[in-house]
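A.B. asks: Sequence:
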Amino acid sequence: MYEYDFVVVGVGPAGARFSRRAAEKGYDVLALEQGTVGTPLACSGHVSTDVWEFTGPGARAELFQNEIYGARFHVGGPRSDAYPFYKDEVASNVIDRVGLDRHLADLAREAGADVREEHTVTEVRERRDRVEVVASGPDDVYTFEAKMVAGCDGPRSRVRDELDLPEPDELLHGVLAFSEEEDHQDFVDVHLTAPTFFAWRIPRGNAGVEYGLAAPPGVQVNKHFEELIDGYEVDVSHRCSGAIPIGPPERVTTRRGFLLGDAAAQTKPFTGGGILYGMTSADHAAREIDPDRPTTLAAYERAWRDDIEREQSLGHWLRRAYSLPEPVQRIGLGALSGKIGVHMDRPTSLLSRDHLRAMISRAFR
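If you count the sequence shown from 1, position 245 lands on 245 in full-length UniProt numbering, and the numbers rise without skipping.
Since the hints were made in silico from the structure, they are not lab data. Just so we're clear, the structure is a prediction, and the values are computed from it rather than from any experiment. There's no promise every hint is true.
[Said to hold, decoys possible] What follows is a list of derived Cβ distance ranges for each label pair:
{"no.": "1", "residue 1": "A321", "residue 2": "D139", "range": "49 to 55 angstroms"}
{"no.": "2", "residue 1": "G99", "residue 2": "D183", "range": "15 to 21 angstroms"}
{"no.": "3", "residue 1": "P57", "residue 2": "P216", "range": "40 to 46 angstroms"}
{"no.": "4", "residue 1": "S136", "residue 2": "G76", "range": "45 to 51 angstroms"}
{"no.": "5", "residue 1": "P84", "residue 2": "Y232", "range": "14 to 20 angstroms"}
{"no.": "6", "residue 1": "R125", "residue 2": "E326", "range": "49 to 55 angstroms"}
Just so you know, even glycine gets a beta-carbon here, dropped at the ideal spot from N, CA and C.
Modelling step: build the complete structure from the supplied sequences, incorporating the hints.
C.D. replies: Written as structure tokens, this is what we have:
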């Protein structure tokens with residue numbers, strides 16, 4: 001006798017989205033969050049405008065902080081030359097990142113999912129005909145039985161380890177902090193100064209400014225971050241850090257388990273962001289997976305990879321440009337800067353009609 005069709009471990013964007021969609025299809029869903037939904041913050045709130053396709057009524061009024069039209073790229077610190085890339089229309093939004101998680105969790109609850117906070121999963125046992133998920137709650141230790149388990153528990157996924165699934169290709173170290181300076185600028189700043197990765201400054205309107213940096217293991221991330229903050233001459237607070245998974249493993253499913261979001265490294269290699277990729281993959285999972293038919297997990301593997309694998313492959317090539325010698329970076333940025341027609345989540349849009357049209361109009365202006 002099963003208690004649930006799905007136990008979802010982790011109620012970030014991917015876990016909440018899958019919980020909502022699965023519950024809407026009539027499945028019994030239990031979603032477990034280790035702490036409080038949305039905290040601790042470990043991800044930027046800079047997202048494409050596509051995010052509103054995944055939210056409910058009134059979300060924009062509740063979560064919106066600023067509109068972004070482009071990015072200024074720097075090969076160096078805050079006082080170095082800027083190479084602007086921009087669109088005539090809004091390219092992205094800055095949102096309340098903690099609020100987004102809570103909003104998506106509320107949508108899952110409204111759809112019928114049983115969302116429980118303060119439940120830390122300590123063990124996942126995969127049987128031939130079910131899974132058993134052991135979780136430590138506020139008052140007791142519980143064992144839940146389900147037909148399948150969804151690991152949506154981040155880059156250091158406990159579910160992934162318990163199911164003996166392979167890890168992402170690499171885990172980067174990211175750090176975020178915030179200043180209270182009000183800033184309504186419509187450009188973000190990107191610094192290609194950290195070895196093999198990058199740093200950023202994101203204006204959040206009345207909510208202040210976000211500063212961040214990400215780099216591979218072995219790089220002195222905190223030292224580089226202090227240099228970034230000193231260059232901008234600001235005081236920051238609410239500092240947080242976390243791992244950023246890059247490069248999905250060859251397999252994210254077992255007989256009765258599957259991974260979503262950061263646990264599956266469903267992220268953009270050139271920024272580390274994964275909100276939209278994770279929720280898109282969650283939609284594929286809810287559409288393809290039937291908990292009574294474990295063979296449908298293969299359809300989920302195919303569907304999400306067919307959708308974003310090409311984007312991730314091209315994203316790896318973009319990331320390599322971060323490590324080019326500075327003179328080469330300056331020449332490339334100088335030649336390519338200006339109006340663009342690129343979607344921030346879809347590197348393949350570099351070959352789109354909109355972007356080619358923007359490049360041609362720039363060449364003949």
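A.B. asks: The hint says 49 to 55 angstroms between A321 and D139; measuring C-beta to C-beta, is that right?
C.D. replies: Given about 52 angstroms between the Cβ atoms, the range holds.
A.B. asks: Starting from the hint 45 to 51 angstroms, judge whether the C-beta atoms of S136 and G76 obey it.
C.D. replies: Check passed, 48 angstroms falls within 45 to 51 angstroms.
A.B. asks: With respect to the beta-carbon atoms only, verify the hint that P57 and P216 lie 40 to 46 angstroms apart.
C.D. replies: The hint (40 to 46 angstroms, Cβ to Cβ) holds, given that P57 and P216 are roughly 41 angstroms apart.
A.B. asks: Falls inside 14 to 20 angstroms, the C-beta gap from P84 to Y232?
C.D. replies: At 18 angstroms between Cβs, range holds.
A.B. asks: A range of 49 to 55 angstroms was offered for this pair. Does it hold for the Cβ distance of R125 and E326?
C.D. replies: 52 angstroms, holds
A.B. asks: Determine whether the Cβ-Cβ distance between G99 and D183 falls within the hinted range of 15 to 21 angstroms.
C.D. replies: About 19 angstroms separates the Cβ atoms of G99 and D183, which means 15 to 21 angstroms holds.
Consistency with the previously given hints is maintained throughout, with no hint failing.
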